[in-house]
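Engineer: Those protein sequences? They're chains F and G, same order as listed. FYI, in the numbering used here the residues of the first sequence are 1 to 161. FYI, in the numbering used here the residues of the second sequence are 1 to 321.
Treat the hints as calculated values from the structure; they're not laboratory data. Just so you know, nobody snuck in bad clues.
No more than 27 Å apart at the CA atoms, straight line, and that leaves these computed lysine-lysine pairs for BS3-like:
1) G:Lys-69 - F:Lys-149
2) G:Lys-197 - F:Lys-23
3) G:Lys-219 - F:Lys-30
4) F:Lys-139 - G:Lys-219
5) G:Lys-86 - F:Lys-149
6) F:Lys-100 - G:Lys-148
7) G:Lys-244 - F:Lys-149
8) F:Lys-100 - G:Lys-194
9) G:Lys-246 - F:Lys-158
10) G:Lys-232 - F:Lys-158
11) F:Lys-155 - G:Lys-246
12) F:Lys-155 - G:Lys-69
13) G:Lys-152 - F:Lys-139
14) F:Lys-23 - G:Lys-219
15) F:Lys-139 - G:Lys-160
16) F:Lys-155 - G:Lys-74
17) G:Lys-244 - F:Lys-155
18) F:Lys-158 - G:Lys-194
19) G:Lys-193 - F:Lys-149
20) G:Lys-160 - G:Lys-194
21) G:Lys-254 - F:Lys-23
22) F:Lys-138 - G:Lys-219
23) G:Lys-142 - F:Lys-138
Which residues of chain G face chain F? A few of them, derived with a C-beta cut under 8 Å, are:
24) Glu-155
25) Tyr-204
26) Glu-212
27) Pro-220
Examples of chain G residues lying across from chain F (beta carbon under 8 Å, computed):
28) Pro-76
29) Lys-148
30) Ser-223
Here a beta-carbon is modelled for each residue, glycine too, at the ideal position from N, C-alpha and C.
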Amino acid sequence: MAAKAVVSRGASLLLGTCVPCVKTNASKFKVRRLVLDTYLHMYFPEYEYIYAHDPQKICKTGDSVLLKKLPEKLTTLITHEVDRVVYPLGDVTDPVTGKKVTFNHYRESQDAETELYGPLPTRFQYDKAPPRGWQEDKKDLTHRETYIKYNDDGKDQKYAI
Amino acid sequence: MSMSLRRVQSLNILQNFQLSSRDVSRNLKRDFSLLSVSGTELGQSGLLSVTGHRSPFRTYYKHEVEVSKRIQWKRPERVPCILPEKSGDLSGLPEVDLNEPPPLFKDSTEFQTASETVKRIFGLKFQTSAERRQAKIDAMTKQVKRHKLDNKSVEVKIAKWTAIIRNLQEHTTKFPQDRNAKADLKEIIEFRKKRMKLLRTLDYRRFEWILETLDLLFKPAPSSHERVERKKSMRWLTAEYIEKVKEQKLNEYKEALNSQKIGFLKSKLSTMEAIVEEEKAFGVIPSFTEEDLNQVKETLRLKIEEEEKMHPSHQVEKEVY
Numbered sequence: 001m002a003a004k005a006v007v008s009r010g011a012s013l014l015l016g017t018c019v020p021c022v023k024t025n026a027s028k029f030k031v032r033r034l035v036l037d038t039y040l041h042m043y044f045p046e047y048e049y050i051y052a053h054d055p056q057k058i059c060k061t062g063d064s065v066l067l068k069k070l071p072e073k074l075t076t077l078i079t080h081e082v083d084r085v086v087y088p089l090g091d092v093t094d095p096v097t098g099k100k101v102t103f104n105h106y107r108e109s110q111d112a113e114t115e116l117y118g119p120l121p122t123r124f125q126y127d128k129a130p131p132r133g134w135q136e137d138k139k140d141l142t143h144r145e146t147y148i149k150y151n152d153d154g155k156d157q158k159y160a161i
Numbered sequence: 001m002s003m004s005l006r007r008v009q010s011l012n013i014l015q016n017f018q019l020s021s022r023d024v025s026r027n028l029k030r031d032f033s034l035l036s037v038s039g040t041e042l043g044q045s046g047l048l049s050v051t052g053h054r055s056p057f058r059t060y061y062k063h064e065v066e067v068s069k070r071i072q073w074k075r076p077e078r079v080p081c082i083l084p085e086k087s088g089d090l091s092g093l094p095e096v097d098l099n100e101p102p103p104l105f106k107d108s109t110e111f112q113t114a115s116e117t118v119k120r121i122f123g124l125k126f127q128t129s130a131e132r133r134q135a136k137i138d139a140m141t142k143q144v145k146r147h148k149l150d151n152k153s154v155e156v157k158i159a160k161w162t163a164i165i166r167n168l169q170e171h172t173t174k175f176p177q178d179r180n181a182k183a184d185l186k187e188i189i190e191f192r193k194k195r196m197k198l199l200r201t202l203d204y205r206r207f208e209w210i211l212e213t214l215d216l217l218f219k220p221a222p223s224s225h226e227r228v229e230r231k232k233s234m235r236w237l238t239a240e241y242i243e244k245v246k247e248q249k250l251n252e253y254k255e256a257l258n259s260q261k262i263g264f265l266k267s268k269l270s271t272m273e274a275i276v277e278e279e280k281a282f283g284v285i286p287s288f289t290e291e292d293l294n295q296v297k298e299t300l301r302l303k304i305e306e307e308e309k310m311h312p313s314h315q316v317e318k319e320v321y
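Start from the sequences, fold in the hints, and give me the full structure.
Structural biologist: What follows is the structure in structure tokens.
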């Protein structure tokens, strides 16, 4: 896989998508690169997985993150570090107006619409809601890779399907 | 029983061995007999005891016996996808009072002024099952509504599907032969899961709030589908077991080294002091300064404190009168 080594060896800055990872001080990222097929004269995507140093675990599965190459490898696996989270998943900001967006409309306009009908206390409120990730490892198990249950050992296997 | 030529040859070699030397034969008998594998020895230490010379073709059987004792594989029972364990519904439907009238009659003056018997007949208990189901759906959507007329927001839709799913799950337990219901149920569960996945990418905080209010568990699909097979599972379990043994051995070794630290530091300190004294007596500049000695003393003190914290057996017992 000569083409695959190009990504980690070459560019000092990379944009990757976070994927589930068990490591405590690092996150795993999927980096896409388009490779030209000279026979078909078409570009096809190739993927490489990179581990980046992330001691606070700020990256969630699905975040688009800017990665910086480390001057020296931390371990045999960890070659990069997390520079910043560019697009946090499910927390979109409109780059033109700087307003928060849900689906295809602003959160403000959504709240204004609710105000017109007369809001109920049962509704979801962004100001009162806790920050993203409060259900992690409780009811939202997207931070870990799941597997198909292959052994019945009598214990509760949380991440088995 | 057919035997390969190679195995026959190897057995002959063994017999020759036994004839040639009595000690060797005794060793071989001890090592290769299956009875020598004692359960207590294996269970406590969890390590293979390697003694004497071993031949690969005979140790194979012993190895197999030991593996079956430590690593056991049991095929998991198939859980149907329509059950709450798989669909992620941690609780049932909200309770609905069956003596209440359907929502359509609730505000009508005629119903309120009617006699008790009329009210009883018009209660949910004597209505159609569709009415009762609608009452359950209403109770579910009430938990997440934005405003009174809200019936199209994402959270209301998910609540509605959740109510339908839970109602059908109850139905399928009562009537397991209803295949149409099962097929519908599977379809709705998958539909809801897809929508939840989409909601997570678009509005993560609302997604988490829905999980909490509707009591749902969200498990993402595995990245690759692995068939459940005995051989593959045994390989994975063996890898797991090896990791465990490695960790255990490493921890034991670390403890053994740590226990030697205090003694080593004491002897180091005494030798350093002796060297310094001797050098002073001969009028040579000492090779260790006061700082070096103090550093060793400090580390020794810290080590002893740590040891006392870990094993507080050195504490003086108070006499009770």
